[in-house]
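> For chain H, the structure is supplied; the task is to place chain A on it using the hints.
Protein chains in written order, with the numbering used here: chain H, 1 to 271; chain A, 272 to 381.
Since the hints were derived computationally from the structure, they do not count as laboratory data.
In this text, a Cβ means the ideal position worked out from N, Cα and C, and glycines have one as well.
Label pairs and their calculated CB-CB ranges:
1) H:Lys81 / A:Thr309: 51 to 57 Å
2) A:Ala335 / H:Gly16: 35 to 41 Å
3) A:Thr309 / H:Asn227: 48 to 54 Å
4) H:Glu209 / A:Asp313: 44 to 50 Å
5) A:Met315 / H:Pro102: 35 to 41 Å
6) A:Glu318 / H:Asp129: 36 to 42 Å
7) A:Asp313 / H:Gln33: 54 to 60 Å
8) A:Leu281 / H:Lys132: 50 to 56 Å
9) H:Arg58 / A:Thr309: 48 to 54 Å
10) H:Lys132 / A:Ser288: 32 to 38 Å
11) A:Asp306 / H:Ala166: 18 to 24 Å
12) H:Glu186 / A:Met344: 25 to 31 Å
Anything over 10 Å on all C-beta distances counts as not near chain A; from chain H, calculated:
13) Gly15
14) Leu206
15) Asn216
16) Leu248
17) Ile249
The primary structure of each chain is shown beneath.
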Amino acid sequence: MAKDTRVILICSGKGGVGKTTLTANLGISLARQGLSTAVLDADFGLRNLDLLLGLENRIVYTAQEVLEEECRLDQALVKHKQESNLSLLPAGNPRMLDWLKPDDMKRIVDMLKEQFNYVLIDCPAGVEDGFKNAMAASQEAIVVTNPEVSAVRDADRVIGLLNTNAIKPVQLVLNRVRPKMMANQEMLSIDDVTDILALPLLGLVLEDEQVIVSTNRGEPLTLNSVNSPAAKCYLNIAKRLQGEDIPLIDPAKESSGFGAKFRRLMQTKIF
Amino acid sequence: MTLRDIINKLLRRQPASASTARERLQLVLAHDRSDLSTELLDQMRREILEVVAKYVEIDMDEGAVSLETEDRMTALVANLPIKRTLNGQIKLIETSNQLEENSQETKNTD
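Chain H extracted, bound-state conformation (with noise of 0.2 Å):
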């Protein structure tokens, strides 16, 4: 039996910022590193991280059956294929719409907290009935945002939920930098968005088309091409939260040579 399980809620308010990556990549660095690792996909209206998981053929029960008991969890649970410290638990399918409640969410967490190191709660989007029921059974989240205005706005207005709901810690994760963008002063820049959302920042992942490949294959970056840039963001994320002391990477120094010196130099504040 596990202690001190972590609980945490992977959230986001917009949609398709990067949540159901994150918490697949998450779950399979965790997994790795030797802690027994639950992800929940509490999105159960449009569940996706079976997909991404490459687990969707292999789902017979979820959590609703584990509720009444028309199942026992073990049951429930898949395990992944390759990396057996990994479970996936659905929440229900997108045929029911309606019948969870924040209680059952924590029944359903209790039971994971049993027998898991961790258990990550892949959040819907938005800050309706979804988003209030994962955090009822969460202790910490995780808030995912783009540098982009809409998805710090939206971040914004579900770290205030989760400020009043006493969830804590809640780190920033800004996923989908890119470098040369930000260089050109044409994106927010990492200081501009954890100062906007005044929220340490458990870490950056950059843009990388291998995550739609990824995707494709249903196999996590963070499985098998663990030499793509965003494999490496993810899994020195996964380092952070277990306490390790890992330095941010620096997109400046991401892009090299004349053009990346060029563009250091017209960043250069005057005044």
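Okay, now just chain A, sitting in the frame of chain H:
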């Protein structure tokens, strides 16, 4: 201001979009966080100006009352250029000499 901003200014080009994004976000978040509508803010602005006008002569059109936000704290900032005091003494004060009613507001609502 960075070197790029200066060059853009000299060439009369649009500034880089990141600074525009930052400014727009700060403004919209100040409103989101305080839950104040523009009408309410406008009403508050008028009333503040009326109170201040009892003591000093101010330029009613120039006065700006706005919400600014930093570190998840929202502040109400009033920038009111004073023309002169009411006892007749002409006291031209530059617009930069501002009266800052810097009262701290809600940390964050709901």
